[in-house]
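Engineer: Residue strings, one per chain:
Number of protein chains: 4
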Amino acid sequence: MKVKVAVNGYGTIGKRVADAVNLQKDMEVVGVTKTKPDFEAKLAVKKGYKLYVAIPERIELFEKAEVKVEGTIDDLLEKVDVVVDCSPNKVGAENKPKYEKAGVKAIFQGGEKSHVAEVSFNALANYDDARGKNFVRVVSCNTTGLARFISVVKSVADVKKVRATMIRRVVDPKEDKKGLVNGIMPDPVRLPSHHAEDVKTVLPDVNIVTTAFKVPTTLMHVHGISIELDGKLEDIVAALEDEPRIMLISEEDGFTSTAKIIEYARELRMRYDIFENVVWRESLAIHEGELFAVQAIHQEAIVVPENVDAIRAMFELADKEESMKLTNESLGIKK
Amino acid sequence: MKVKVAVNGYGTIGKRVADAVNLQKDMEVVGVTKTKPDFEAKLAVKKGYKLYVAIPERIELFEKAEVKVEGTIDDLLEKVDVVVDCSPNKVGAENKPKYEKAGVKAIFQGGEKSHVAEVSFNALANYDDARGKNFVRVVSCNTTGLARFISVVKSVADVKKVRATMIRRVVDPKEDKKGLVNGIMPDPVRLPSHHAEDVKTVLPDVNIVTTAFKVPTTLMHVHGISIELDGKLEDIVAALEDEPRIMLISEEDGFTSTAKIIEYARELRMRYDIFENVVWRESLAIHEGELFAVQAIHQEAIVVPENVDAIRAMFELADKEESMKLTNESLGIKK
Amino acid sequence: MKVKVAVNGYGTIGKRVADAVNLQKDMEVVGVTKTKPDFEAKLAVKKGYKLYVAIPERIELFEKAEVKVEGTIDDLLEKVDVVVDCSPNKVGAENKPKYEKAGVKAIFQGGEKSHVAEVSFNALANYDDARGKNFVRVVSCNTTGLARFISVVKSVADVKKVRATMIRRVVDPKEDKKGLVNGIMPDPVRLPSHHAEDVKTVLPDVNIVTTAFKVPTTLMHVHGISIELDGKLEDIVAALEDEPRIMLISEEDGFTSTAKIIEYARELRMRYDIFENVVWRESLAIHEGELFAVQAIHQEAIVVPENVDAIRAMFELADKEESMKLTNESLGIKK
Amino acid sequence: MKVKVAVNGYGTIGKRVADAVNLQKDMEVVGVTKTKPDFEAKLAVKKGYKLYVAIPERIELFEKAEVKVEGTIDDLLEKVDVVVDCSPNKVGAENKPKYEKAGVKAIFQGGEKSHVAEVSFNALANYDDARGKNFVRVVSCNTTGLARFISVVKSVADVKKVRATMIRRVVDPKEDKKGLVNGIMPDPVRLPSHHAEDVKTVLPDVNIVTTAFKVPTTLMHVHGISIELDGKLEDIVAALEDEPRIMLISEEDGFTSTAKIIEYARELRMRYDIFENVVWRESLAIHEGELFAVQAIHQEAIVVPENVDAIRAMFELADKEESMKLTNESLGIKK
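Protein chains in written order, with the working numbering: chain A, -14 to 320; chain B, -14 to 320; chain C, -14 to 320; chain D, -14 to 320.
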């Protein structure tokens, strides 16, 4: 029997999670929701998803636009075991009472505060903490990227202190109203940034300090990381090479910027989704006891496999190794 | 028996043409070339293309990078009936003597001057002119976009004068060294622009005048078009709706900019390729005897079906209707 | 005796208008307003302007930030003959009752609908229409740019039909939350655009049709203009050379884009303000009875001289010729 | 008697250095050079600089463009005591033999390798090292920014290790051919970056490690800095407040990004030049023995006062304190 999944919010993250869930043998998408009958709603229907209205009072808008809906989010919740909430930041927390009332488990995204859920989640970092839980929060794209990298390094080295600078794309590619057109924005200005605390929700023992900026690009975030550690570069490189959710690339092959990485991804997967941390091989170095690394994070896609794994953990469908393996194989994440 | 095709220059256009040719039943890609053993070269091999070195003296670079090559462009030319030259602007003309010497037909792209070939080509505009020819030039992305739009309008209205303003993406998405970061560049400053003359290479009887600008975006070109004509809006809309190589979109569905169009395309096709002219339905209006329209052109993809049709015309494999139908079906261009 | 002027909204336009008014011998700035005690408010005080709070209930915010204020907008209105409203779009109309109650004349900016005032204004186009009026609206930067160019051409040629495509900077340089980061936006999608109607508020007899787009740049708007006319290019060029509010530049001198124009302006005036239409000399051509031109418009500065002239017209301080001459001389607008 | 100065290369840096030198009482600009008769050359003449041709064989180009020149660089070198070379990167080194032959002292910019000169220079860091020297290299904008910040911190704290991440504007505002339009580029990919070594050319005893990226903006660089140290935050803040070449700004005043800083600078100085390091007050914090800071660096202007001080040191016109005071006063650098 498959776990029945609702995706509340078929947007940037939601549409990717829906497709990923549908590729799994042990779960299925029962329905997805939209707040507006726009082209994304029409695509959802065209792809065969049953569509529900996220904001019940807007059902007429959909009828007027001749977009077929099956009912509202409330109808959908009656049919599922778990809802993956992919609403905009803060809306997930507002939705929680609805999920509790319907008696369904729920996954929230990293835009919500950590206390919305029983546990914050990253598959590599703390899969087991989510076992059997009812409310789980998959951490944000930036935190996912850091948590994965640190987890791999920790597996072969004694990590003492992590410093990370996050250079963030200001908006996603589809956004055309918000932005920063010409400038660099420290975000936050007050240092160190809160991102370090978010990493500790999944890796509580790591000593980490972070700084973050927004810059006028849409494609990917980039992290400059340095880690004081005891360990050997060759062991770390080997561990990174071994982990499917890390993709090592080389400047020698022409990967000079995130623009080139995306060009490559356009050949590999629909929507140019990159579920892996993309780490520049040449950036890896140990200098005075400190590991250096630069990685690029595709903010639209990186949390997708984590949402799938979170479902498995919550329903105890598989252990960490097996879940990650199933997820990786289904999404084409491989070495 | 299939027409044997070489793609000289497996870059932005070349890789798309190669994939499109391989989807046809009456032609096949025998080999592709690269000048550097970068990630695109490796992808070509991974996808099963036989790789040849475009600049023979660089063969060692490929060996050093452990990228398997079958020989040089000269070796490749011996095995094919036609070469699609997708070299950077002006290099195509330099390559022509090589093609003549090898006795192969050749297709050039719009970056070359029109006299490089016997005829300039756009399937809707002048398919028959390329029948049996040895050297054909597929016109540029902007000219293709204009030629298609005008051809469809001409089929149902009496076109008197066309005016078009082209707002061009400054570089393709993969480019990370050139650009215009913050500004608008008239290109050319001297008016009217040369683009009108290029449209006349495929539609010699059209009275057209053009202006062009470069702006800091990578996704698509946008054309503002006005056409003095005798005709009815409803007939024009119907003709546009009927032509598979025109995609009508609506602002009402959320298509507010090229950013949204690309978001949509990411769901439809690998590399988010849009082979169609994308015309905003709401922009279509007749005002004081003049048709208005705004269309977006995906500069990386729009000439791909035209290259396929050009091969069919040159080898007289099919007439215009049939060729366009075969190309459209294979590439998922449909109404 | 000098006309006493209030500037309501010391932002992008307001601070420029204040400085320009203060350079005139027949008027003076009595006070300026701000809604927030930010760095612009502090600069106003530092420059010697008396500062008032635009939103009375926010006066404590200013006190808390230790920014000295003289009172609220209501206090300021008691001391002046005219208020130049430089509030954000639509707020001007909301402020109007306040001005009526205080019995002061008012100038609104182009972001307001035309019916907010008795007359829409552009010095070259219709100075005399504002003589003695109480409520005048200075048209927007784009309309100002078009109205000036058309007025000059009309003075030496018989203008039949104007077509203009406006390529607009998406946000001003100081904006860091809104934008369009990578894309082109037809704005509006529905054609022709409303801008033509706005031009007719100052040039009612002109047959004009317009199209407009937003692109990811902050520096200047660019207009592609074509005008069907009877006239000689040499007369038109001479008239443009003769009008101080038109600046002719040449690609030959290195002016290849708006980036270069701004680089030049940084050498000429504080804030790199360009009060003139900047017209590319090489773009000027007559082709099949149609004049072509490309001009760049500095959206932050171009309406500044018009606001000064509007004050003179409203108080009948000078006729058109004299007012424009005084304004030009004070602002360094010269041939 | 004034030191006679030539500025070889009246471009982004050169025009600023020329103006700054001319504001000093103990030096004067005898002439400036250009390679092309473009608008910058014409502005130089208009501002009263005597213009010489940097590439002698191009003198006809200037005559043809009717730009008055006094001769070539060779003629100019005969009349001066020192040349400030503001040529593009690497060209300075090529020019050196010419300077040696002419027997003039020379200052090079940070785009040259350090061995081009006897000493690399930053006024705060190592003024005295340049005393009496013939060939001095003023370090780059990024190195200048770091050297100043570290020097101030070192004056009141025991600095153990400096880590800096530089987020660099990809091109200057006037550039319209090069760039990175949408993406983030690690530059260099290989870590740590060479910038640390460059800081050591002026602060040899500092333990520093750096990382650098390019992003699609033109306005300013931004540095994320962390310094392991023994010291008190209040002492460091006081020292930063005390140093004129550091400008402290506050997010509370509305300084949310480099876009706002430039908006402010447009009110203060021609060309919006910011000669100071701009440090966000709220970013300053000590966390686990480590000082955090974010500073913005105006790449076009920050090295200008350093060039002036370098001339004084080379001719022993004043000691460090006095030279910096004279430079600061003349350029409006003050607390």
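Because the hints were derived from the structure by calculation, they are not lab data. Accuracy of the hints is not assured; some may be wrong.
Each pair may be met inside one copy or between any two copies, as identical chains are not told apart.
[Claimed, not checked] Keeping only pairs whose Cα atoms sit at most 25 Å apart, straight-line, the calculated BS3-like set for lysine-lysine is:
{"id": "1", "residue 1": "Lys27", "residue 2": "Lys319"}
{"id": "2", "residue 1": "Lys27", "residue 2": "Lys185"}
{"id": "3", "residue 1": "Lys217", "residue 2": "Lys146"}
{"id": "4", "residue 1": "Lys319", "residue 2": "Lys31"}
{"id": "5", "residue 1": "Lys53", "residue 2": "Lys319"}
{"id": "6", "residue 1": "Lys163", "residue 2": "Lys21"}
{"id": "7", "residue 1": "Lys53", "residue 2": "Lys320"}
{"id": "8", "residue 1": "Lys86", "residue 2": "Lys(-13)"}
{"id": "9", "residue 1": "Lys31", "residue 2": "Lys310"}
{"id": "10", "residue 1": "Lys75", "residue 2": "Lys162"}
{"id": "11", "residue 1": "Lys139", "residue 2": "Lys185"}
{"id": "12", "residue 1": "Lys185", "residue 2": "Lys(-11)"}
{"id": "13", "residue 1": "Lys118", "residue 2": "Lys27"}
{"id": "14", "residue 1": "Lys98", "residue 2": "Lys31"}
{"id": "15", "residue 1": "Lys35", "residue 2": "Lys185"}
{"id": "16", "residue 1": "Lys320", "residue 2": "Lys49"}
{"id": "17", "residue 1": "Lys305", "residue 2": "Lys86"}
{"id": "18", "residue 1": "Lys185", "residue 2": "Lys83"}
{"id": "19", "residue 1": "Lys86", "residue 2": "Lys319"}
{"id": "20", "residue 1": "Lys162", "residue 2": "Lys21"}
{"id": "21", "residue 1": "Lys162", "residue 2": "Lys32"}
Engineer: Would you mind marking each hint as holding or not holding in the structure?
Structural biologist: So, going through the hints one by one against the coordinates:
Proximity of Lys27 and Lys319 under a CA criterion of 25 Å is satisfied inter-copy only: 17 Å between copies versus 32 Å inside one chain copy. For the homomeric pair Lys27 and Lys185, neither the shortest alpha-carbon distance inside one copy (40 Å) nor that between copies (39 Å) is at most 25 Å. Taking the shortest alpha-carbon separations for Lys217 and Lys146, both the intra-copy value of 16 Å and the inter-copy value of 22 Å come in at or below 25 Å. Taking the shortest Cα distances, Lys319 and Lys31 sit within 25 Å of each other only across copies (15 Å), while inside one copy they are farther apart (30 Å).
Taking identical chains as interchangeable, the C-alpha atoms of Lys53 and Lys319 lie at most 25 Å apart only when they sit on different chains, with a minimum of 22 Å there against 38 Å within one chain. Within a single copy, Lys163 and Lys21 get their C-alpha atoms as close as 19 Å, and across copies as close as 22 Å, so both meet the 25 Å cut-off. For a Cα distance limit of 25 Å, the shortest separation of Lys53 from Lys320 across copies, 20 Å, qualifies, whereas the shortest one inside one copy, 41 Å, does not. In this homomeric assembly, Lys86 and Lys(-13) come within 25 Å of each other (Cα to Cα) only inside a single copy, at 23 Å, whereas the closest approach across copies is 64 Å.
Proximity of Lys31 and Lys310 under a CA criterion of 25 Å is satisfied inter-copy only: 23 Å between copies versus 30 Å inside one chain copy. Taking CA atoms no more than 25 Å apart as the test, Lys75 paired with Lys162 passes in both settings, with 20 Å inside one copy and 19 Å between copies. In the homo-oligomer, the alpha carbons of Lys139 and Lys185 lie at most 25 Å apart inside one protomer (14 Å), although the nearest pairing across protomers, at 33 Å, exceeds that limit. When the C-alpha separation of Lys185 and Lys(-11) is checked against a cutoff of 25 Å, the pair qualifies neither within a copy, at 31 Å, nor between copies, at 59 Å.
Taking the shortest alpha-carbon separations for Lys118 and Lys27, neither the intra-copy value of 34 Å nor the inter-copy value of 44 Å comes in at or below 25 Å. For the homomeric pair Lys98 and Lys31, neither the shortest alpha-carbon distance inside one copy (34 Å) nor that between copies (42 Å) is at most 25 Å. Within a single copy, Lys35 and Lys185 get their C-alpha atoms no closer than 37 Å, and across copies no closer than 49 Å, so neither meets the 25 Å cut-off. Proximity of Lys320 and Lys49 under a CA criterion of 25 Å is satisfied inter-copy only: 23 Å between copies versus 48 Å inside one chain copy.
Taking identical chains as interchangeable, the C-alpha atoms of Lys305 and Lys86 are never at most 25 Å apart, the minima being 30 Å within one chain and 62 Å between chains. For the identical chains of this complex, Lys185 and Lys83 are neighbours neither inside a copy (29 Å) nor across copies (55 Å), given an alpha-carbon limit of 25 Å. Taking the shortest Cα distances, Lys86 and Lys319 never come within 25 Å of each other, neither inside one copy (40 Å) nor across copies (46 Å). Taking the shortest Cα distances, Lys162 and Lys21 sit within 25 Å of each other both inside one copy (17 Å) and across copies (24 Å).
Proximity of Lys162 to Lys32 under the C-alpha cut-off of 25 Å is found in neither arrangement, the shortest distances being 27 Å within a copy and 34 Å between copies.
Hints 2, 12, 13, 14, 15, 17, 18, 19 and 21, counting from the list given before, are not met by this structure.
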